[in-house]
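**Q** With the sequences and hints as input, model every part of the structure.
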Amino acid sequence: MEAGEIGGALLFVLAAAAAVAVAVSVGAVDFSRPLTAGSPLDFQGAVSWLIGILDGTSSAAADVYGAWVAVRAGLIAPVLQVAVWACMVMSVMLVVEAVYNSVVSLGVKAIGWRPEWRFKWKPLDGADEEKGSAHFPMVLVQIPMYNELEVYKLSIAAACGLQWPKDRIMVQVLDDSTDPFIKNLVELECEHWANKGVNIKYATRTSRKGFKAGALKKGMECDYARQSEYIAIFDADFQPEPDFLLRTVPFLLHNPEVALVQARWSFVNGTTSLLTRVQKMFYDYHFKVEQEAGSATFAFFSFNGTAGVWRTIAIRDAGGWKDRTTVEDMDLAVRATLKGWKFVYVGDIRVKSELPSTYKAYCRQQFRWSSGGANLFRKMAKDVLFAKDISLVKKIHMLYSFFFVRRVVAPTAACILFNVIIPISVTVPELYLPVWGVAYIPMVLTIVTVIRHPKNLHIMPFWILFESVMTLHRMRAAVTGLLELEGFNQWTVTKKVGNDLEDTEVPLLQKTRKRLRDRVNFLEIGFSVFLFLCASYNLVFHGTRSYYLYMYLQGLAFLLLGLNFTGTCSCCQ
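In the UniProt record's numbering, the protein residues as written are 1 to 573.
Among these hints, one or two may not hold up.
No more than 30 angstroms apart at the CA atoms, straight line, and that leaves these computed lysine-lysine pairs for BS3-like [said to hold, decoys possible]: (1) K342 <-> K352; (2) K196 <-> K218; (3) K183 <-> K120; (4) K382 <-> K352; (5) K183 <-> K218; (6) K339 <-> K382; (7) K201 <-> K217; (8) K166 <-> K217; (9) K120 <-> K109; (10) K109 <-> K360; (11) K455 <-> K360; (12) K382 <-> K217; (13) K122 <-> K342; (14) K217 <-> K109; (15) K388 <-> K109; (16) K339 <-> K395; (17) K166 <-> K183; (18) K455 <-> K388; (19) K120 <-> K339; (20) K379 <-> K322; (21) K455 <-> K209; (22) K196 <-> K120; (23) K209 <-> K120; (24) K339 <-> K122; (25) K322 <-> K201; (26) K122 <-> K166.
Everything labelled a hint here was simulated from the structure, so no lab data went into it.
**A** In structure tokens:
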């Protein structure tokens, strides 16, 4: 067990202990309330009221209300109370995980910790006079793409512009496009760079079996690719800086136990609209907090599928690319970790990319990632538990923090509590909602989210409402992946628009007329109606709870996203 793993485990225990101590000291946590609420379950009383109504021996209005109160207090409230306490437990798990990651991330920033402190890094300065370029390892750059009309030139040009000896690098364009026109354009672009002296290969397949994983696997099987020691992977919309390989490969070259070097994403359209701004907040937290904390403590995190360099032998040692889930990148990362390999995250290296520009595209992307992550948890939990090449602490981190809390607990607790239980609670006064669960924990989660990027504080309210809607999709995806329901392994490529594309001579695809169900999101509109009704009821019969203001805003967010209004909004620009 390494010092980083021990430190990470101790910090996690301290974060959990601190959370409990603070909650108890301020009197926020009070588990003295019974698990059930209201009067005891009285089925006989409820049945008697109903019989009285049917035989006409009692006042119908009074007895109907009395029956409702009895059923509500004796049946509905206890069931909901169990759900409330389940959400409270999950919320505590989530806040401890978030605080732990934030403490590690802030600690890393405070002391100026860099990956070079843990892993050896020595620059490759030019060619050796005696060896020439032979001391540079052979690198294969793979660019998988599928009908990427708007961005194919950007990624190919960036890959061909990487600083590396020409005889020690191979650019491989893996084109799975189904449109003959786009395939022809991509092939012509590859020929254009080949004529300039770039070592570039254009590869296609007869079928899209395995999607991206299948394309990457097929690319590694080519004869010219077998000699590569390292493989850099970039999606079609990613544009690495020329010195990308010079800054990442030394980590692999001087540390034989390292399998992956992951760079951070930056976004060319991060300020284009309110939609891309809230997405950027989500990714900033992921990279600045989750990836950085995982790298600094356990040398483990999920490969992001692009903007990274792999050691070829590590990919083969882990079993190669597999298409059993829609998160082939995470799948490979977990299997490589179980073989004892380590990962390095370098936040200082940024690779330009593109955020989904429409709400539907973002939802499809998040569904694929959430469903795939939960499904991988189902498939890999046993393998992680019985792995022999990693420590017990690392196993606990992977099963509990990486998989269970982030892939299952996070979307489930937020969606059920804030989108279902709190709205329903205004009609069930017997239900007990702890203030620490519905107010303090969300406040802490908001603080740890914004603390690493305070410049986005002014759009935090929009982010909270947007994430409230997205938890609905992520929970549905997590359930789909865990239970392997219909669509759990469905792959949809995120549509790109190519914000930096300057070549106006490339014709765009013709727009097709969209059907009503493609222009309107009925699930979001249905939830907006539900929230508006609950908010209106709370406004008229507010009792001891006044959640109507938040529910009105929440319902408005569901309505606007249901009508696809956010994707074209240029607010806060």
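**Q** Now tell me if each hint is right for this structure.
**A** Going down the list of hints, with the structure as the test:
For the hint linking K342 to K352, the alpha-carbon distance of about 25 angstroms falls within 30 angstroms, and the restraint holds. Between K196 and K218, the direct Cα distance comes to roughly 26 angstroms. Compliance with the 30 angstroms bound is thereby established for this hinted pair. Of the pairs offered as hints, the one joining K183 and K120 is violated, with about 42 angstroms between alpha carbons and a cut-off of 30 angstroms exceeded. For a cut-off of 30 angstroms, the pair hint linking K382 to K352 is broken: about 37 angstroms separates their Cα positions.
Straight-line distance between C-alpha atoms of K183 and K218 comes to about 18 angstroms, which keeps the hinted pair within the 30 angstroms bound. Distance restraint check for K339 and K382: the Cα-Cα separation of roughly 15 angstroms lies within the 30 angstroms cut-off, and the hinted pair is therefore satisfied. Between K201 and K217 the alpha-carbon distance is near 15 angstroms, which keeps this suggested pair within the 30 angstroms criterion. Restraint check: the Cα-Cα separation between K166 and K217 comes to about 24 angstroms, which is no more than 30 angstroms; the hinted pair holds.
Using a Cα cut-off of 30 angstroms, the hinted pair K120 and K109 holds, with the two alpha carbons roughly 20 angstroms apart. For the suggested pair K109 and K360, the alpha carbons sit about 35 angstroms apart, so the restraint of at most 30 angstroms is broken. The straight-line distance between the Cα atoms of K455 and K360 is roughly 27 angstroms, inside the 30 angstroms bound, and the hint therefore holds. Straight-line distance between C-alpha atoms of K382 and K217 comes to about 25 angstroms, which keeps the hinted pair within the 30 angstroms bound.
The hinted pair formed by K122 and K342 meets the criterion: a straight-line CA distance of about 18 angstroms does not exceed 30 angstroms. Taking the CA atoms of K217 and K109, the gap is near 37 angstroms; set against the 30 angstroms cutoff, the hint is violated. Straight-line distance between C-alpha atoms of K388 and K109 comes to about 33 angstroms, which puts the hinted pair past the 30 angstroms bound. Between K339 and K395 the CA atoms are separated by roughly 12 angstroms; this keeps the pair inside 30 angstroms, and the hint holds.
For the proposed pair K166 and K183, the alpha carbon gap of about 26 angstroms is at most 30 angstroms, so the pair holds. With a C-alpha separation of about 44 angstroms, the suggested pair K455 and K388 falls outside the 30 angstroms cut-off, and the hint is violated. Distance hint between K120 and K339 is fulfilled; the C-alpha atoms sit about 21 angstroms from each other, no more than 30 angstroms. Proximity of K379 to K322 is assessed by CA-CA distance (about 12 angstroms); at most 30 angstroms being required, the pair is judged to hold.
Under the criterion of a C-alpha separation no larger than 30 angstroms, the hint pairing K455 with K209 is inconsistent with the structure, at around 43 angstroms. For the proposed pair K196 and K120, the alpha carbon gap of about 35 angstroms is over 30 angstroms, so the pair is violated. With a C-alpha separation of about 39 angstroms, the suggested pair K209 and K120 falls outside the 30 angstroms cut-off, and the hint is violated. Using a Cα cut-off of 30 angstroms, the hinted pair K339 and K122 holds, with the two alpha carbons roughly 26 angstroms apart.
As the CA atoms of K322 and K201 are separated by approximately 23 angstroms, the hinted pair is consistent with the 30 angstroms bound. Taken as a hint, the K122 and K166 pair is honoured in the structure, with Cα atoms around 21 angstroms apart against an allowance of 30 angstroms.
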